[in-house]
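*Asks:* Listed below are the residues making up each chain.
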Amino acid sequence: MRPVFVIAGASLAGASAAITLRDEGFDGDIVLIGAEADLPYERPPLSKAYLRGEVAFESLLVRPAAFYEERDIDLRLGVRVTAVDVAARQVECDPGGRVAYDALLVATGGRNRRPRIPGLDLAGVYDLRTRGDADRLRTELTPGRRAVVVGMGFIGCEVAASLRTMGLEVVAVEPEKTPLFRVLGEEVGRALERLHRDRGVHAHLGDAVARFEGAGRVERVVTRGGRTIPCDLAVVGLGIEPATEIVAGTPVEVDNGIVVDELCRTNVGGVFAAGDVARHFHPVFGRHLRVEHWQNALKQGAAAARSMLGRGRPYDEVHWFWSDQYDVNLQYAGFHTSWERLVVRGSLDARDGIAFYMNGRRIDAAVALNRPKDIRLAMPLIKRRADVDPEALRDPDVDLRRLARASAS
Amino acid sequence: MAPRAVVVARVPDIEPGEIRAVTVDGNPIAIANVGGRFYAIDDTCTHEACSLADGILEGTVVTCPCHGAEFDVTDGHVVAPPAPAPVKSYPVRVEDGQIVVEV
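So the sequence lines, in the order shown, correspond to chains A and B.
Under our numbering, think of the first position of the first sequence as -6, with each following residue one higher.
Under our numbering, think of the first position of the second sequence as 3, with each following residue one higher.
Simulated from the structure, these hints should not be mistaken for lab results.
Errors might be hidden in some of the hints.
[Claimed, not checked] Label-pair distances were calculated between CB atoms; the ranges are: (1) B:81 to A:260: 47 to 53 Å; (2) B:88 to A:345: 29 to 35 Å; (3) B:17 to A:399: 25 to 31 Å; (4) B:88 to A:18: 19 to 25 Å; (5) B:28 to A:304: 43 to 49 Å; (6) A:303 to B:77: 56 to 62 Å; (7) B:53 to A:204: 45 to 51 Å.
[Unchecked claim] Taking beta-carbon pairs under 8 Å as the criterion, some of the chain A residues facing chain B (in silico): (8) 50; (9) 52; (10) 286; (11) 288; (12) 291; (13) 315; (14) 365; (15) 366.
Glycine included, C-beta positions come from ideal geometry on N, C-alpha and C.
The whole structure should be built from the sequences, with the hints applied where relevant.
*Replies:* Written out as structure tokens, the structure is:
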């Protein structure tokens, strides 16, 4: 009997795992199961170029349709895995019934948070996770219409930028004191606030949506701070929660995601997890991290596939992501929660700078505005937990490449 | 059209480990120096059209600055996504201390 590897979730992490299994020479069955009807695709453009109608859906595909047939990957779309029986080593599918596995990768991703805000279900209130969401939202995007963007995290910021670029009026409501405050802190957040204000976004910071109102369709947003904002549509971006329910009731450990070790293994034999749903033990940072980035889905999915084959190596990529807003390319690398000092090289206000989140002389993370090359050069310093002089980082005359080389020797 | 040889730079202009954009007939081409050997590829990333010469060259692999796609400068093939397609590569030779690309 050929071994059967089942992958629950056919987005980037799942597809990357399937591709890697074949690249590594696995000749058993690969069953790749996705709840959405579309071939595996990349989500980053959904809030950017695809939302603005600049690229066709086909350009988002991870691989063309023929690829899955050529590589003998049994791709089952429009099928949801509803449960896992770890004792019998079977998944329950809807439709399709039970499928037996020798190894299972859970790559079910996440779903948008839907806080209990009155009126959230009104027509004209959108959120954004799938191609279908983007297609529905896109039909509303005509110049001059008034949109309220709820939440200035990455999705909210990118949607606000896309909508402004398309000529809509945008009012944003964000509970924290700056956009991306919790991720990037106040100093970087202020630079992003200025960016959005400069491009005509009316941002209400430190305020939150109390309710959406309208007769059958959203007409205004009322905030807790007492504002009433008339609008034609609203887009909600309040983060995601990991889609862990398929392992509910099993011994698989769940704690803000499916908990896996550095090899993407859960506590249950034969069950692995990767991508947005996985809370992975990161050897560089010495703790479990759950991240929702494109690069992590791609590379952690591949790492999990190698683990399923018994050829795993600890997954120790430095997390990295980008966010394009207007003409600003933001990139972040590393991981930080708190920092003793923020060392800025260049100028965040001029949108030409990089900020290093440092504890002592160690860089935990860095974020750059229009300085992608500097992020690349910072990544080895972050990964090595290198001892770095903050003054040298700040000094524009010190070559980051030399600094990276010096710390390696 | 038969290939045409174009002088794009002098050898000392591009140091080992460096990648730099030149313009040939209005098209940007990235010239990489890998340990003294020169390679030429289209400078424009097939993902979202960023300049590869603004990226980082490590060995024979250049990383696009914008979104991290990786290409092999020796033949233009994609080493890592999100680039959907390879970049064109061009024959390069050195003549009299000058870097010559066939386009």
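*Asks:* Determine for every hint whether it applies to the structure shown.
*Replies:* Comparing the hints with the structure gives:
1. B:81 to A:260: 47 to 53 Å: Taking Cβ atoms as reference, residue 81 of chain B and residue 260 of chain A lie about 35 Å apart, which means the hint is violated.
2. B:88 to A:345: 29 to 35 Å: For residue 88 of chain B and residue 345 of chain A the Cβ distance comes to about 31 Å; the hint holds.
3. B:17 to A:399: 25 to 31 Å: violated (18 Å)
4. B:88 to A:18: 19 to 25 Å: Holds, since residue 88 of chain B and residue 18 of chain A (Cβ atoms, about 24 Å apart) stay within the stated range.
5. B:28 to A:304: 43 to 49 Å: This hint holds: roughly 48 Å between Cβ atoms.
6. A:303 to B:77: 56 to 62 Å: Cβ of residue 303 of chain A to Cβ of residue 77 of chain B: about 33 Å, so the range 56 to 62 Å is violated.
7. B:53 to A:204: 45 to 51 Å: holds (47 Å)
8. 50: violated (13 Å)
9. 52: Holds: closest Cβ of chain B sits about 7 Å from residue 52 of chain A, inside 8 Å.
10. 286: The hint is violated - residue 286 of chain A has no Cβ within 8 Å of chain B, the shortest such distance being about 11 Å.
11. 288: OK, holds: residue 288 of chain A within 8 Å of chain B, min 7 Å.
12. 291: holds (7 Å)
13. 315: holds (6 Å)
14. 365: Holds: closest Cβ of chain B sits about 4 Å from residue 365 of chain A, inside 8 Å.
15. 366: Given a least distance of 5 Å, the restraint on residue 366 of chain A holds.
In summary, the numbered hints that this structure violates are 1, 3, 6, 8, 10.
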